[in-house]
Amino acid sequence: MVSIGYNSLLVLCGALVLGALCGLVGSFIYLRKNTLISDATSHATLPGIGIGFLVAFALGWEQGRHLPTLLAGAALTGALAAFTIGWMQRNTRLNNDVAVGAVLSVFYGAGIVLLSIIQRLENASQAALDSFLLGQIAGISIGDIYLILILCAVTIICTLLLLKELTLLCFDEEFAHTTGMSVSKVDIALICLMLGVVCVGLRMVGLILILALLIIPPVTARLWTDKLSNMLWLSSAIGGLCALTGAYLSASIEHLPAGAAIVLCAAALFFPSALFRRHAA
Amino acid sequence: MSDIFWSIDFPALLIAMLAALACSLPGSFLVLRRESMMADALSHVVLPGLALAFILTGSLGSGVMFIGALLACLVATLLIKVLREYAGIESGAAMGIVFTSLFALGLVLLEKGVGSRVHLDAHHALYGGLELSYWPLPHTWNNIPHAIISLSILNVLSIAFIWLCLKELTLASFDSVYAQTIGLRRSLISAALMILVALSAVACFEAVGSVLVIALFICPAASARMFCDRVHTQLILSAVLAVFMAVIGYVAAAFVPALLGFEHSLSAAGMIALVGGIILGTSILCAPVYGVLQKRK
Chain A
1 MVSIGYNSLL VLCGALVLGA LCGLVGSFIY LRKNTLISDA TSHATLPGIG IGFLVAFALG
61 WEQGRHLPTL LAGAALTGAL AAFTIGWMQR NTRLNNDVAV GAVLSVFYGA GIVLLSIIQR
121 LENASQAALD SFLLGQIAGI SIGDIYLILI LCAVTIICTL LLLKELTLLC FDEEFAHTTG
181 MSVSKVDIAL ICLMLGVVCV GLRMVGLILI LALLIIPPVT ARLWTDKLSN MLWLSSAIGG
241 LCALTGAYLS ASIEHLPAGA AIVLCAAALF FPSALFRRHA A
Chain B
1001 MSDIFWSIDF PALLIAMLAA LACSLPGSFL VLRRESMMAD ALSHVVLPGL ALAFILTGSL
1061 GSGVMFIGAL LACLVATLLI KVLREYAGIE SGAAMGIVFT SLFALGLVLL EKGVGSRVHL
1121 DAHHALYGGL ELSYWPLPHT WNNIPHAIIS LSILNVLSIA FIWLCLKELT LASFDSVYAQ
1181 TIGLRRSLIS AALMILVALS AVACFEAVGS VLVIALFICP AASARMFCDR VHTQLILSAV
1241 LAVFMAVIGY VAAAFVPALL GFEHSLSAAG MIALVGGIIL GTSILCAPVY GVLQKRK
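Protein chains in written order, with this note's numbering: chain A, 1 to 281; chain B, 1001 to 1297.
Bound-form chain B, shown alone (with noise of 0.2 Å):
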C-alpha cells in the first residue's frame, strides 16, 4: 500500500468507522422510540454552538468547540421539550421551529460575527471534513487526528452506558407504563439517552458533517429494525450494518472512480448516506419476515 493510502484514506476510513458504530448504537433507541428526527434536529443545532463558542471565547480548540456544541444541543433539547409539554405544539413542529431558527442563529452569527476570519463555514458544516483528515502513519504514530481519539472515548463511553442501562432502556422504549410501575424513572433515563445522542452527534458532526450523522444514526437501526424483533440483535446488527455503510460508502467515493477512469473522487460524506439508503431499500424489499416481497407472495 502507499503512503497516501496510510497517511490520508486509511485515516478518513477509520474515523468514517467510528462514527458509524458511535451514532448507530444510540440510534436504535432512537428508531425504537420513534424520535429519529430528534437527530436531525441536533445535527442542524450544532452550528450555532460552534459559532457561539468562537465569538464568546475567540478560541477554535476543539474542547472550546465541543462544550458549545454540546450545549446548544442541550438547549434545543430542552426547547424543543418546553414547547412540546408546556406550549402543546406537536412535536414534529416543535423540533422543526427549534431546529430551524437555531440554526439560521448560526449562520448570521457566522456571517457577521465570525466572518472569513476562521475556517468555520457553513459548507464545512454540512458536508464534513472527512476527506481533510491526515495522519503521517507510515512513518511515524505520531499526530493522531483528534476525531480518532475523542471518537473512540465516545464509543466506549457509549457501549458501557447501554451495557449497563440495557434492561432500563429498553423498557423506557417500549414499555412506559410497566416502567414506570417497577420505579423506573423514564424521563431521567429519557434525559441520558439524549446526551448521548447529542454527544455522538457533536463528535460526529466535526468529523463527518450533519446529513451524514443523521444517515448514520438512521439508516442502519432503520435496516436492522427490517430484520429483527429482539433489542440485542437489533443493536448488533445496526452496528454491523453501519460499519459495513461506511467502508463501502467510503470505498466507493474515493476509489471508485478512479478505477473508472475518472480523474477526481467523490464526496465520501454523500456517498455514504447513498450507500446506507441502498442497504436500507435492499432490507425493505429483501427481508425475510417483514420484507415487502415477503409479504406480497
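With the rest of the complex left out, here is chain A (with noise of 0.2 Å):
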C-alpha cells in the first residue's frame, strides 16, 4: 500500500462522498424516468463555467480560476436549461427527447463560443478549464475539497430530508398529489438536487461523465433489489465505491482521466450484473 498524505486523503474522501451522493439523488431521477435531463443540464453547466471564470478574471480572482465563482455559473445556466426544457414540455408540441437534445447542444454550443474568447485572454489560466470537462483528481487544492465537501453535506441533508416527498413522487404521483403535497414543487426540488450534485462533480469527474456516476449505480442497484431502501444504499455504496476506486487509480496512474477511470469502474460493475440479473428488472 502506497502510504497517502493528508491532502490525497481529502481527495479520496471527497471522491467517496461525491459517488454516495450521486448514487443517492441518481436513484430518484432514475426512477422518475428522467435521466437525461441530468445530460443536458450537465453539458449546460459550460456556458456558466465560461461565464464564470470570465467574471473571476475581471474582479482578478486567482487568474480566473476561483471555483465558487465558477461552480456558481455553472449553477446558474444549468438551472436555465432545466426550466428551459420544462418550459418546451409544457408549452410546445416538441417531444422530450427533442427539448432535451436542443438545449443541451445549444447551451454547449454557447459555452464552445465563450471558450473561444477565454483562450484570446492573457495572463488567464485556460488551462485550469479543462479539468471541468473530463475532471482532474490533480492539482485540486485543498480549498476545494473543503468546497467539494461541504457541498457534498448539504445536498445529502437536503435529500435526506426530502425522503419521504421523493418516494411518493415516483412511485405515486396521483396518491403524492390527494396528500396535498405539491408534486411540482417536488420536482423541481428533485431537479435542483441534481443540479447541485452536478456542480458539486464537475471538478472531479468533469461534465461529459458526471452523467454516467448519477445514472450507473441507481441502475446497477436496480437490477439487484426491488425494495426502495435497499436500492438507495446499495446505489450509494456503488457510486462510493466506484468514485473511489477510479480517484485513487487516477491519482497513481499518470494520464488516466479521473472521470474516465471512475466511469469504467462503475461500468465494470453494471455490465456483468446486466448479464447475471437482467429478468430482474
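Check each hint, because a few of them may be wrong.
DSS-like, lysine-lysine: derived pairs with alpha carbons at most 27 Å apart [claimed, not checked]:
{"hint": "1", "chain 1": "A", "residue 1": "Lys185", "chain 2": "A", "residue 2": "Lys164"}
{"hint": "2", "chain 1": "A", "residue 1": "Lys33", "chain 2": "A", "residue 2": "Lys227"}
{"hint": "3", "chain 1": "A", "residue 1": "Lys164", "chain 2": "A", "residue 2": "Lys33"}
{"hint": "4", "chain 1": "A", "residue 1": "Lys185", "chain 2": "B", "residue 2": "Lys1295"}
{"hint": "5", "chain 1": "A", "residue 1": "Lys33", "chain 2": "B", "residue 2": "Lys1167"}
No lab work stands behind these hints: they were computed from the structure. Fair warning: this is a prediction, and the values are worked out from it, not measured in the lab.
Each chain sits in its own coordinate frame; assemble them with the hints.
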C-alpha cells in the first residue's frame, strides 16, 4: 500500500462522498424516468463555467480559476437549461427528447463560443478549465476539496430531509397529489438536487461523465433489489466505491483522466450485473 | 475576394453546409420517432471507435478511422437495444450508460494507448476542426479537403435512400401497427435509418465535432416541426434551415468579430450551434399555428 498524505486522503474522501451522493440522488432521477435531463443540465454548465471564469478574471480572482464563482456560474446556466426543457415540454408540441437534445447542444455550443473568447485572454489560467470537461484529481487544491465536501454535505442533508416526498413522487404521483403535496414543487426540488450534484462533481469527474455517475449506480442497484431503501443504500455504496477506486487509480496512474476511470469502474460493475440479473428489471 | 477567403473560409463554409444537410435529413426522422438522443449518444461513441481503429491498425488514414467509428456506432446501437429489450432498462438510461461508458473507454484509450504521438485528442473530437480545413483554391482545384468529398457522397446516398424509402420511413415513424399489418418490416427500416444516422454522425464528426453534430441533427428538424405537419415539407424545411444555420453561424464566428474590431475569430462550431438555438427559439415563439405566441392570443 502506498502511503497517502493528508491532502490525497481528503481528495479520496471527497470522491467517496461525491460518488455516494450521486448514487443517492441518481436513484430518484432514474425512478422518475428523467435521466436524460441530467445529461442536458451537465452539458449546459459549460457556458456558466465560461461566464464564471470571465467574471472572476475581471475581478482579478486567481486568474479566473476561482472555484466558487465557476460553480455559481455553472449552477446558473444549468438551472436555466433545466427550466427551458421543462418550459418546452409544457408549451410546445416538441417531445421530451427533442427539448433535451436541443437545449444540450445549444448551451454547449454557447459554452464553446465563450471558451474560444477565453482562449485569447492574457494572464488567465485557461488550462484550469480543461479539468471541468473531463475531470481531474491532480492539482485539486485543499480549499476546493473543502468546498466540495461542504456542498456534498448540504445536498445529502437536503435529500434526506425530502426522502418521503421524493419517494411518493417516484412511485405514486396520484396519491402524492391527493395528500396535498405539490408534485411540481417536489419535482423542482429534485432537479435542484441533481443540479447541485452536477456542480459538485464538475471539478473531479467533469461535465461529460458526471452523467454516468448519476445513472450507472442506480441502474445497477435496481437490477439487484426491488426495495427502495435497499436500492438507495446499494446505489450510494456502488457510487462511492466506484468514485473512490477511480479517483485512486487516476491519482496513481499517470495520464488517467479521473472521470473516465470512475466511469469505467462503474461500467465494470454494471455490465456483469445486467448480464446475470437481466430478468430482475 | 481575397486568397484567404477562398482557401480557408470557403472550404470551411462548404463543409459546414454539407454537414448541415447530411445531419438534418435523418434528423427529421429521429425527431419524429422520438429518438433524437441517439444523435447525442452516437456522436460521443465515435471517439472510442477512432482510438481503437488507430491502436489496432497504427494508421490515421481516413478510411480506417471511418470504419472504426462506424463500427463503434453500430456496436453502441446494438448495446442500447439489448439493454432496452433484454435487460428491460429504460431507454434514456440505457443510452446514457452505453455512451458514457464507451466515451470513458475512448478517453482512456486516447491517453494511455495513443498518447501524444498523434493529433487525435478529446478537444478536437468535441469542438471539431472546421477552421483547419484548407484548400488552395484560387490557384488549383487539386487537394480538395477529403471531408468535402465524403460529405458529398454521403448526401447523395442519404437523399437517394430517403427518396426511395420515404413511404416506409414515414409509416414506420408514425403508425407502426399499420406498417406491420401491411407487411412492412419496421425493424429493418429502423436499422437502415440508424445506419444512415451513424454514417452521418461519423462523417460530420470529423469535420465539425460532436457538439455541432447533435445541434445539426436536432435543431433544424425541431424548428421545422414547429411549422409543418407533412413529412415532405418537414424534410425540405429542415434542410433549408440547416444550411441557413450553418452559413449564418459561420459568418457570425469568422467575420463579425473582425467587423466589430476584435482581432480573433470565435469558434465556428459553437456559433453554428448557438444560431441553431436562436432559430429554434424563434420558431417556437413565432410559428404561425403551433407557435407559443399564436396560442396565447
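**Request:** Enumerate the violated hints, using their earlier numbering and listing them in ascending order.
**Result:** 5
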